[in-house]
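S.K.: Letter by letter, the chains look like this.
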Amino acid sequence: MAAEPWQRYEVPGPVKAAVIKKPEMVSILLKKAKKPIFIVGHEAAEIDLEGKKPIDQIIRIARAADIPVVTTAHAMAEFLKRGFKPAASMTSMDIGNRLTDPTWSVSGEDEPHDLALILGMTYYVGFVIEAGLKSFAFDHLKTVSLDRYYQPHCNWSFPNLSIEEWSGYLTIIAQEMENK
Amino acid sequence: MKKARFKVDELESDIFKITGLEATVGAFYEEWEEAPGPTPMPDISTFRDWDRILLNKYKPFYLPLCDLCCLCTMGKCDLSKGKKGACGLDMAAQQSRIVLLSCAIGAATHAGHGRHMVEELVSKFGSDYPLDVGGLSVLVEAPHTRLVTGIKPRTLGDLEDVLDYVEKEITHLLSCCHTGQEGDNIDFESKAFHAGMIDHVGMEICDLAQISALNFPKADPEASMVDVGMGSIDITKPVILVIGHNVPPAAAIFDYMEDGGLEDSIELAGICCTALDLTRYTNKAKIAGPLSHQLRFVRSGIADVIVVDEQCIRADILDEAKKVKAPLISTHYKNFQGLPNRTEDPTDEIVSDMVEGRSPGVVILDSDKAGEVAVRVAMGVFPKRKKSGIIPEESEIIEYATKCTKCLSCQRVCPNYLPLPEAMEAAAKGNLQPLSDLYESCIGCGRCEGEGVCPNELKLHSIIIGASRSKIKEERFKVRVGRGAISDTEIRRVGGPIVMGEIPGVIGIVGCSNYPGSWKDNAIMIEEFLKRRFIVTTTGCAAMNIGMYKNEDGLSLYEAYSGAFDAGGLVNCGSCVSNPHISGAAIKIASIFAKRKLNSNYEEIADYIHNRVGAVGISWGAMSQKASSIASGFWRLGIPVIVGPHGSKYRRALLGRKDKEENWYVIDARTGKRVYTGPAPEHLFISVETKEEAMTLIPKLCIRPNDTTKGRSIKLNHYIDLHKRFYGAMPDDIQLFVRTMADIPITMKDEILEILKEKGWKESEVPAPDPTLLPRLVRKKGDGNGS
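Chains U and G supply the protein sequences, listed in that same order. Under the working numbering, residue 180 is the last one in the first sequence; the count climbs by one each step, no gaps. Under the working numbering, residue 787 is the last one in the second sequence; the count climbs by one each step, no gaps.
Next up, chain G with everything else stripped away, as it sits in the complex:
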């Protein structure tokens, strides 16, 4: 991007005199190969009609967490059973307002992260530093940014201009949540979609910047393997633990270690996305685990220094760090923790204060300085701390267990109502196995230890961890580090088979570790679809947890399957902010494979993806507001998202009604006529309760109107096969997906024909339309109503 700048040292006329004026006017975007499309820099109103098309097909079902609205001082207001609040808002609008609020928070968090990251990288490398996410194999380097804004970013400085737009939109979206603004639930939903679209731009900016400036793997399907798991950390060395999402301070720690030749003398491990991004920076770093491992790892005492940046950090991290005498360094203004800001103090003084125990923690807002302090403090405190943790030994656990009154209080506050009292009863008799069995289902929230929960103040989370010592020692796995983008060449290779349905689907398994059961369920689900030759992409805590499982050959799935974006490939894109590479792959299929215009052409691309690209997102442990905005970015592209049961607390689902035939018509772009194509995909956002249910729904939500007969047959084969396995019967909706006899999987022909006969099925007159939901895309003008 170029801007017109002018400077006037002195200008004098009859009526005014100006001195020292300097101004920037407008912005000129360098032209790229495509002319601008219809919607550059869209505002909240731009895609309202598109959103309403989707929201008419997938109507919201609201799931209030409580009957009240508590947002203003006229309340609390009871909104149940058709009542309205003092401001006039009803329950549907209130729930959708909360959805928007959640998505706006998520988008703001990623955009804020992006702004901070880009500013730091610009100050270090300069605003003209070129972007490079994959050399010549990734010429479409920023699909979201190009699609939404019309800007083709070339340098770090260009990203700041994109962020200006992103921040403006988020501000407007957030303002819509104020009392006395929007009153219609569908318009709130449309705004939530806008937040999601904007979020994917913000995340893309963030990852573009760090891939380019920090030299992360660039669309490399053979990116290196790194260790994951608490058992992989060498506790004979000083250990620095980094937690959060903003990687520059962690990278600076490694730089200081490397400059001093200390990279083999100190262990550098991370939790959450900082860990993922750190391993993209150096494969000498290790991943201790996902968010659910934060409390257990800190309490283990393994970390000699804890360095936090932003997002997904426990609010009580300072208290926990103090318990194990591990100094804490906060590197970000989003997370001061009440600590003194020592950024300007001499390094030697800071190190001395922390090593000598005079200061439990500090704020250092300079990454390089934080890096030096972290390393020196780790080396200084290592001999003194002796890895002192607060995890009880076996004898202590048995003693504590005898104090358990089985009041059930701990179980009743546990998000997964884990049977702690039963396990404590067994422990009191010397059997720790039931406690250890809870280890992989414990999400590490610590609510069981909350004030007033246990009458005897037993530290139940630590007790579970203590009972699992041998398991933790064996927690050593491999993860392929985040590769970043999907290359243009990969898109060219698989675009056709995906759109035709011959690769049965692209699954994105992403998000947090708020699982309803064992973390291994993620991997168990995914292994099934890798064997079935789906393409599986992943990011975030889910990407770690997929690695923390060994298959029957003793391999992690990353070792067992290719990292290529191809049938049967397991593609770790990276951290949370790498999610746009997954949605971006769908955009690139439309742009590169189908040659649809990319520049500022969101609606047409979304229409293409919704009708043709068999993709589905799964966030089995979705927890955060960021997870909701990430999902929302998929929704506006028409890509369905499944969440685990805890995702029901996002307060609404977007559900299709397959029993309503009128909802499942598309326009055939060749003729302008309306054509029934069946419920494909059936839902846009749904929470399901069990992995069996999710596994059955995944192939079904990959069905699209555009499938060839071969592709539809393959997809139906997977759907029916899994339904029979988990439900013990054929699905009751096969007739809705079979368009012609050629769609029927050959091995199931007799069974299916019998069902079709029973249901009065008739062959479709137009089995393979050129599907669109946008009348303006009809090439031969009909009336668009099928008459």
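Looking at chain U on its own, in the form it has when it is part of the complex:
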């Protein structure tokens, strides 16, 4: 599907996310990043992905790449059920706000995160939070949407994908990181 906002009227402005045409590109971004972070919302545990959930792939990626995960809404419970302890749980507003702070990182070190992978927030909530990051964290943070639908305010985003395509993309990223 095309690289246009999934919700038709969520028009961003003149600068739109570059489209991730190949999932391998995400692994390259992750390998280059000094301090990546994964932001995962509740939908990651709700969407059926060919018998699995996106959260299962996220855990694979996070473990393989040693990326801290911050969960939003009540997603934390699903991670814990799978034996994975997120670095923190907070509202999507909180994590968005903190990522604009160049002195904040989830580990408590002063150096900020330089890459945020985002998946599983409500589409329009993700849209505005990523817009906030675009305008208020642009000098230290790049953002990547791994959601099924195109998120134009990120630096990079998947285009609108079918479930099968999305599942395949996440699997490839997980494999890439596990084989690094």
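Since the hints were derived computationally from the structure, they do not count as laboratory data. There's no promise every hint is true.
[To be verified] One side of the interface only, derived from the structure: several residues of chain U facing chain G at Cβ under 10 Å: (1) Trp6; (2) Glu10; (3) Met25; (4) Glu43; (5) Ala77; (6) Asp94; (7) Arg98; (8) Thr100; (9) Val128; (10) His153.
Beta carbons are placed, not taken as given, at the ideal position from N, Cα and C, and that holds for glycine.
Start from chain U and add chain G according to the hints.
M.R.: Chain G alone, transformed into the frame defined by chain U:
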């Protein structure tokens, strides 16, 4: 209020001659028991310092809906990534300007409503008509008006003077949004707070007037129950539907029905706040539903006449009314709909034109006349219309469903991206259940039917409604009508337990029906807190939706819980303009229970509420500009507000940073020393995504520095219990809220002690300060810096 008036028939001197001069000079407010405080009639600058204290603690996080500013002809300007517009404004200031604009629109809408209402009631009852919102049980009848302006209103005429002040402030606030005015985002935010404060005065005026003159329930916890839901309407009778917020025309309809002995022969039902206020006027009226029911009810064809006044009316209401051959009567100049103004025409002619179909709609700006016309037209068209609606039957739905191409276009314009294509696929095979399952999550906007959305022009909203016929027939519930104010006696009874924290919190669940999921989520959330003995107050569409749910005993929550402002009470205050009764209860706790001066003493009262009154507002379906100004009135009082996920589109949150210890100090008014009290409350305005998240945040945002150890223990118990239920683990911030060992909930002691040990927690040196953020309130002068 009294004014000095003088009149000179003729005055002649060596240099001038005056005849027929009449003038009014100044205004003298009758004294009331309290001497004036420091800030009567505050202007935009008066509380700037107080706002900055709050905004330093709760910094804005901006969430642009788009990167552009489109407000002037130098634009469009791209403000993203640190760029400034042609006028010099940056993104933070632009977003805060939009927040101010939204709050100013909201405040103007309520104030305009109030002005119109008061003028009409003064013309009917006289300016000396006394105000009475609860007799001797409500002596503090207008907490906001007294607190902000210093005026103690006694008559309808006094309210006009308060509105003069309100309108002046709103004009100045709106002017600040013009190009080339304010440039600082925090100053824009402070102005938005001012708009909110003013809005609560404007709303209070509106409700004071209608409670007094229209004899609504007066602080009555046992106000009567009325029917709510489309299934409660008797379709064997002529039905008049009223929509909007300004109740006098609807009241006039009932008066005409009653005068003619027709009140049992005609159904009078309403949508949105006019419905709520109409049921405060007569319990024979019914509530068809909230804003989200407007399109579905009109299209059902049940209404024989539609009468609209102001606010929250669909802009295409005339088109929709024409589709079902229901005549439309507009009763307000804010909503002409392009219709002819027939106010001065003979009533018989208007009725005849509408009944005979020569006129699809009219404007009538006289409530009594509109009332008569509505009733006579309803009776005239009822036999002809035969309730003709445009909701498809089952066989038609199946036929339409076969035309669906699954292009996903409808889903992609739906605010809640409801899975319509999947449901249509099932319907094409004869299974309408998936369509019916969407009914309670559909907010009734009709965007799925917009021009160019569906390639086959399928009327998807009507299709959802058609698939839900059996559900709609069962839509019969009970709502306790709006009781108005919280009485002074109730405040005296619960003030102590609230301030000490032993009643764990006061929740105000208010606002529109732009929900992210089922409307029942509102009630599910609230039932949890009623069981936990919180006080729950409500207004507006949320108040209706709480009623449109039955608990496991088959009762609506209004039937299951008391209407008293007490632990475990569910208090419906009324319509949108009844919101100041909720914020006013917090003011009255400071004034009546704690005996803080009320008269023109806003800052001190807000400081008291922020530090001591464990209250939180929730607007799960916030949609409008009015909702933003209502929220803003809570913010300036230091009361946190949670909105549902659609509330993220208000473009900013006001967030505390619990990881920054320096933000969470108060001054101990007894010693003047700075004392760390933890992030209590943690945020001032936040959008959350799920009801589980909201339910966990609610008890946490009720925590206040002033809690007693017993109170803090109770609040922590609720917070931790819900966190464990929904997040599967203990919260990671318990150590920030436990001040002493006595704060720890006894049943969780071992778990919590382990966490405290791990986090290196130490007992607070001053666990229970007399908290203030205002150095001038320190009784024993220290340096205010804790040194």
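S.K.: For each hint, tell me whether it holds in the structure or not.
M.R.: A quick look at each hint next to the structure:
no.	hint	in the structure
1	Trp6	6 Å, holds
2	Glu10	8 Å, holds
3	Met25	22 Å, violated
4	Glu43	9 Å, holds
5	Ala77	3 Å, holds
6	Asp94	6 Å, holds
7	Arg98	7 Å, holds
8	Thr100	7 Å, holds
9	Val128	4 Å, holds
10	His153	8 Å, holds
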